[in-house]
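2 protein chains.
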Amino acid sequence: MTTRAASVKTPFFMPVATRGAVKSLEPAEVAATGAQVLLANTYHLHLAPGEKTVKKLGGLHSFSGWNGPILTDSGGFQVFSLAHVRKITEDGVTFKDPASGQMVVITPEKSMQIQLDLGSDIIMAFDDLTGLDPAKAKVRTEEAVERTHRWLLRCIAEFNKLTAKTPKAKRPLLFGIAQGGLNKELRQKSVEFVQSTEVDGLAIGGLSVGEGTKDMHDMLEFLAPLYDPTKIRYLMGVGEPGNLKFAIEHGIDMFDCVLPTRNGRHGSVWVSGDKKLNLKNGQFAASKGPIDKNCDCHACQQGYSRAFLRHLFKAADPLAGKLASLHNLRYLQRICEDYR
Amino acid sequence: MTTRAASVKTPFFMPVATRGAVKSLEPAEVAATGAQVLLANTYHLHLAPGEKTVKKLGGLHSFSGWNGPILTDSGGFQVFSLAHVRKITEDGVTFKDPASGQMVVITPEKSMQIQLDLGSDIIMAFDDLTGLDPAKAKVRTEEAVERTHRWLLRCIAEFNKLTAKTPKAKRPLLFGIAQGGLNKELRQKSVEFVQSTEVDGLAIGGLSVGEGTKDMHDMLEFLAPLYDPTKIRYLMGVGEPGNLKFAIEHGIDMFDCVLPTRNGRHGSVWVSGDKKLNLKNGQFAASKGPIDKNCDCHACQQGYSRAFLRHLFKAADPLAGKLASLHNLRYLQRICEDYR
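In the order they appear, the protein sequences are chains A and B. Here my numbering is used: the first residue of the first sequence is 8, the next is one more, and so on. Here my numbering is used: the first residue of the second sequence is 8, the next is one more, and so on.
Next up, chain A with everything else stripped away, as it sits in the complex:
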């Protein structure tokens, strides 16, 4: 996949740099795990420090020190999952900034402006998400899919307007998001709609939000034959090794997920065979070996023992979460490399 920042190899996994940085990690450390593209959150960066400040400081790359491609999400998922007071209308979403208490409005047009100001290399269309509440699901899912499509057209129009003076090669990519919950008819309609537009990539949104693994895999299997071979496919929010493998084998090119870093900070690490260990467990108190003797991550190669890591977790030293994050990120990158 070619972006204005660099060309990258698929399939790939994007570490989540919520506020521009992957928690506790320096850009060079993230790159050393094999990461090629970072994901940053529009919602968080819009609230603080604000896209105008980031722009003034030279954009996200210069601000954060990450020189590779950056994808920004549209803010839709965070409004859905984090904002407590929100109102969705045809125009966009209104929610309360938890920090300032002020009401904030994000529309498809606003999302394009924010992401362009941030200096993103891969911009996501602003979508309307539904939860999995079965009582509301049927009506809301269809409504949300239709709205997501109308919003996509507004995103494309605004994106084209705002980038009109930018030479094609210097423009970011724009991805559309297909929704539809667990309804196959709606999903097919949505994938086909997104692919019929001029977007550079197709994202599958609204999966990995609490449905079972079987439901997710069923849907990925169903969608696989529908993909346009000329467009990149991005499965949003997926990062469990098993799901990653299944999705890669069903045509997915890109992933992002907070799991490797969030789990890592809580002491949970993947080891050979996709097994999970919790480094805080007492069984590791005198364990001399590294997290995984087959692993080539920084933490394992430096020879930090499970006992030392457990000790650091017990002492609440952020170094523990950092090393476990690096391990988990490398674990997922290795899966991607194996498929390449």
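Check the hints yourself; a few may be wrong.
Copies of the same chain are indistinguishable here, so a pair counts whether it falls within one copy or spans any two.
Stated by the list, open to error - Mimicking DSBU-like on lysine-lysine, the simulated pairs with C-alpha atoms at most 30 Å apart in a straight line are: (1) Lys196 / Lys103; (2) Lys321 / Lys238; (3) Lys321 / Lys94; (4) Lys287 / Lys321.
Hints were generated in silico from the structure; no laboratory data involved.
Following the hints, complete the assembly by docking chain B onto the known chain A.
Below, chain B alone, put in the same frame as chain A:
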């Protein structure tokens, strides 16, 4: 100064690795600041994971990944400052482990055993500390000095017993601690007593515990002509740039302090001229420059802006505290290097 782990250049500053690691930093990152020797806390490591576990894992160097010399304090200061329930007798100190609630006894002999089991390269004698409470100070200070001297003799005897089979070159160094509060007569007596024993170094304890700068400097000035030129001098707990300079100019070789790392984690950094800035301040919200344009630390050389660091502090990302810690550690090491 020559230790069994390596020879190091004086004057030097020891970063504090309370539980074997300098909070949020890898050993190689600490070494890159110019640090030659780490200080680890006997009190904390005795409570968790315990010196027997550390010994089983190959000692502190192997456990923590720090290959240079390690100094362990005796535990006395932590019992004085951290343990709420404690009883001091001629035998030693009894206190309550805040985590387990169990009563723990540390005697001069026990302190030697713990530090030797940890694998320390520079072992501190177990001392009796007094606070600065003026009501108790006179009697207690004299009593504490006398006891510190009796305990030093017990430490030396136990150290010699436990290391009897170790060739001289493979033995750790042993330092005695002079006490005496702000009483010059007692201080002189204590310095002379410690220097009259076979210890390798003289530590000045019980300063930088809340007395004013003037009182501390007065005492350092008073003690300077009394030092035995054949023994290394270590001023415990000092790390303010001004105090470091004053002490170096008055014959001190070694320092340790939590300030550079603790302050760093709270956003406070030293910049040229020993000024302090707080990176959390709003004034840095759009500040493009590094912490200090004259600084050669990792954070400044990588070009992380004050604005980015402020943003990370606001987001409670441990990366902020890590980078500020590295900056502050380098600040103190540069002072030491300048004097060398």
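message: Hint compliance check: list the failing hint numbers for this structure, sorted ascending.
response: 1, 2
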